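Visitor: Chain by chain, the residues:
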Amino acid sequence: MLTPSATAAPAPYDEEPPFDSEASPEERRRTRRERRAARRAAQQADLDAAREAHAAAIESVPLVAPSAGNGLLAVFQRRYLLRLLVKREISARYQGSFLGLLWSYIGPLCQFFVYWFVIGTILGLHDQVENFGIHVFSGLIVVHFFTETFGAGTRSIVRNKSIVVKLPLPREMFPVASMLVSLFHVLPQLLILTVACLFYGWVPDALGMAALGLGLFIAMTLGTAGALMFSAANVYFRDFSKVVDLLHLFVRFSVPMIYPYSLVDKRFGSAAQYYLFNPLADCVLLIQRAFWVGTTPDPDHTIRTDLPANLMIWGLSVAGVSLVLLVIGQLVFSKLESKIPERL
Amino acid sequence: MTTSIVLENVTKTFKLRYHRTIKQMSMAKVRGQETSTLFRAIDDVSFTVEQGEAIGLMGLNGSGKSTLLKMISGVMKPDDGSVLTRGRIAGLIATGAGFHPQLTGRENLYLNAAILGMSERETARKFDEIVEFADLGNRLDTQVGHYSSGQNARLGFAIAVHVDSDIFLADEALAVGDKPFKRKCLAKMREIRDSGRTIFYVSHAAGQVRKMCNRVIVLENGRLAFDGGVDEGIHFLHYDSDDEEEFADEETGDDI
Chain W
623 MLTPSATAAP
633 APYDEEPPFD
643 SEASPEERRR
653 TRRERRAARR
663 AAQQADLDAA
673 REAHAAAIES
683 VPLVAPSAGN
693 GLLAVFQRRY
703 LLRLLVKREI
713 SARYQGSFLG
723 LLWSYIGPLC
733 QFFVYWFVIG
743 TILGLHDQVE
753 NFGIHVFSGL
763 IVVHFFTETF
773 GAGTRSIVRN
783 KSIVVKLPLP
793 REMFPVASML
803 VSLFHVLPQL
813 LILTVACLFY
823 GWVPDALGMA
833 ALGLGLFIAM
843 TLGTAGALMF
853 SAANVYFRDF
863 SKVVDLLHLF
873 VRFSVPMIYP
883 YSLVDKRFGS
893 AAQYYLFNPL
903 ADCVLLIQRA
913 FWVGTTPDPD
923 HTIRTDLPAN
933 LMIWGLSVAG
943 VSLVLLVIGQ
953 LVFSKLESKI
963 PERL
Chain L
57 MTTSIVLENV
67 TKTFKLRYHR
77 TIKQMSMAKV
87 RGQETSTLFR
97 AIDDVSFTVE
107 QGEAIGLMGL
117 NGSGKSTLLK
127 MISGVMKPDD
137 GSVLTRGRIA
147 GLIATGAGFH
157 PQLTGRENLY
167 LNAAILGMSE
177 RETARKFDEI
187 VEFADLGNRL
197 DTQVGHYSSG
207 QNARLGFAIA
217 VHVDSDIFLA
227 DEALAVGDKP
237 FKRKCLAKMR
247 EIRDSGRTIF
257 YVSHAAGQVR
267 KMCNRVIVLE
277 NGRLAFDGGV
287 DEGIHFLHYD
297 SDDEEEFADE
307 ETGDDI
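Chains W and L, in that order, give the protein sequences.
When you line the first sequence up against this note's numbering, it's residues 623 to 966, in that order.
When you line the second sequence up against this note's numbering, it's residues 57 to 312, in that order.
A few of these clues could be false.
[Said to hold, decoys possible] Below are the DSS-like pairs computed for lysine-lysine, each with C-alpha atoms no more than 25 Å apart in a straight line:
{"#": "1", "chain 1": "L", "residue 1": "Lys79", "chain 2": "W", "residue 2": "Lys864"}
{"#": "2", "chain 1": "W", "residue 1": "Lys957", "chain 2": "L", "residue 2": "Lys71"}
{"#": "3", "chain 1": "W", "residue 1": "Lys961", "chain 2": "L", "residue 2": "Lys71"}
{"#": "4", "chain 1": "L", "residue 1": "Lys240", "chain 2": "L", "residue 2": "Lys267"}
{"#": "5", "chain 1": "L", "residue 1": "Lys182", "chain 2": "W", "residue 2": "Lys709"}
{"#": "6", "chain 1": "L", "residue 1": "Lys133", "chain 2": "W", "residue 2": "Lys961"}
Hints in this document: simulated from the structure, not taken from any laboratory.
Predicted, not measured: the structure shown is a model, and the values here were computed from it.
Put together the whole structure using the sequences plus the hints.
Guide: Structure follows, in structure tokens:
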């Protein structure tokens, strides 16, 4: 119900001159009607103008197939979305847990202490390898980075099912985002390692830092390549994520992390070079070149006795191979991708 | 006139698998059962849509409407034939897809807008408008996991309708939400239509289609069964034969 005062109050029209106080109610009503009509006409004109502008603009747009631009390149064209996806993963991963981000360290630290105690103390590697803790931890960081990238990347497409089956996005976005999330968690671990190494009197050297960069690059490229291949395959058969878990077991023991490379050299002799065909073994050796070597009393001696000859050459070749694998990963992904929405 | 969507002899076949594990597969092989059949979801469909048309896509459940929409949006590729579109596509296809239940409404708004293809600047420009449209009040800064399904839908819808687009797709979008919100949505859709964008609207509600669209396409078992005027299309489907219209909601055109 309208109260009399409400009806008497002038309607709140924007920027309109007040009514002529002399005007009769009849005239007022007519003015009001005219103004309303004018307003409607103006709105209509606005709409028409917008429609014409739109029609003119759309004519120059080509008619194309609607599927999103795909491939890794398209992912980096949409950096803003990638950034938000990575941020979502990082902030959502441990939400609701009391220890939060600390869990990223608890996992690797527990592994570290198990190896340190079982292999170092019980099997006596502490006596054979100088600073065995650093030796294990520098390997563990990069192995953990690789397995996280590979594992989380493999599950990423299935995990983001709701988006993948409904919206056109470059689907490589999800494995790449997983890789970046893992990389984010590597940084504080590297910090801890650096502090520990400084404590042992480690001084960074140029070649060592180059080895670090190369090692991280290999783990990153290789992890992404594997994630691309297996994430698409995982859509067809979830068995592939189980295969990846199995592979991680082999990875941990096939790299010179819990045992020194010198032991491999001693056991296999000239066949030891085949051991270096495992890209992750080179990757771990590069990280050890960056950190562990510098903590030993005589680094030059350690390089000669505990690292393979031409480690940097091996590293560069493996980096090249990883890039090739990344291209293959992309090709496999593109091949499998077109059926993903219907198989998921 | 500019063409907006062109479909030529589009066909999409799905393989239906009855068995997935190795045990089931080998058992079926031994018994001589079929392990999979082919199912033609979309069968040789062709049509052209002009810029600014509002199409109502209708058909019974399982007639291929969503599959067709997915091919127009680019999620799926046709096995045969071609789909071509002009301009940017947006719509109410998966409102709220990718919402993370543990993030707040505000964080999800930014993320979802980016998933739908909005740039950082576009999101910043429209942020207030979206928030106002969703009308969630102080719930915006609480976890999406604690939202009711209606609130979830409001946020998703508010983001989706604010994406700049030339083609707007809507898949049975207005099934949720309370009446005032539904009214607001329909007004917004009408605004989209009147601004000259192409609308592709999937719905079973004859009243809504009548209010929103100027052309109806009917699919029947994946084949194009009807393409023409709105009233004829609805009549073709016999959606107007029963006294359904009597129950239709005056404002939203919803069936009650």
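Visitor: So which hints don't hold here, by number, going up?
Guide: As far as the earlier hints go, not one is violated by this structure.
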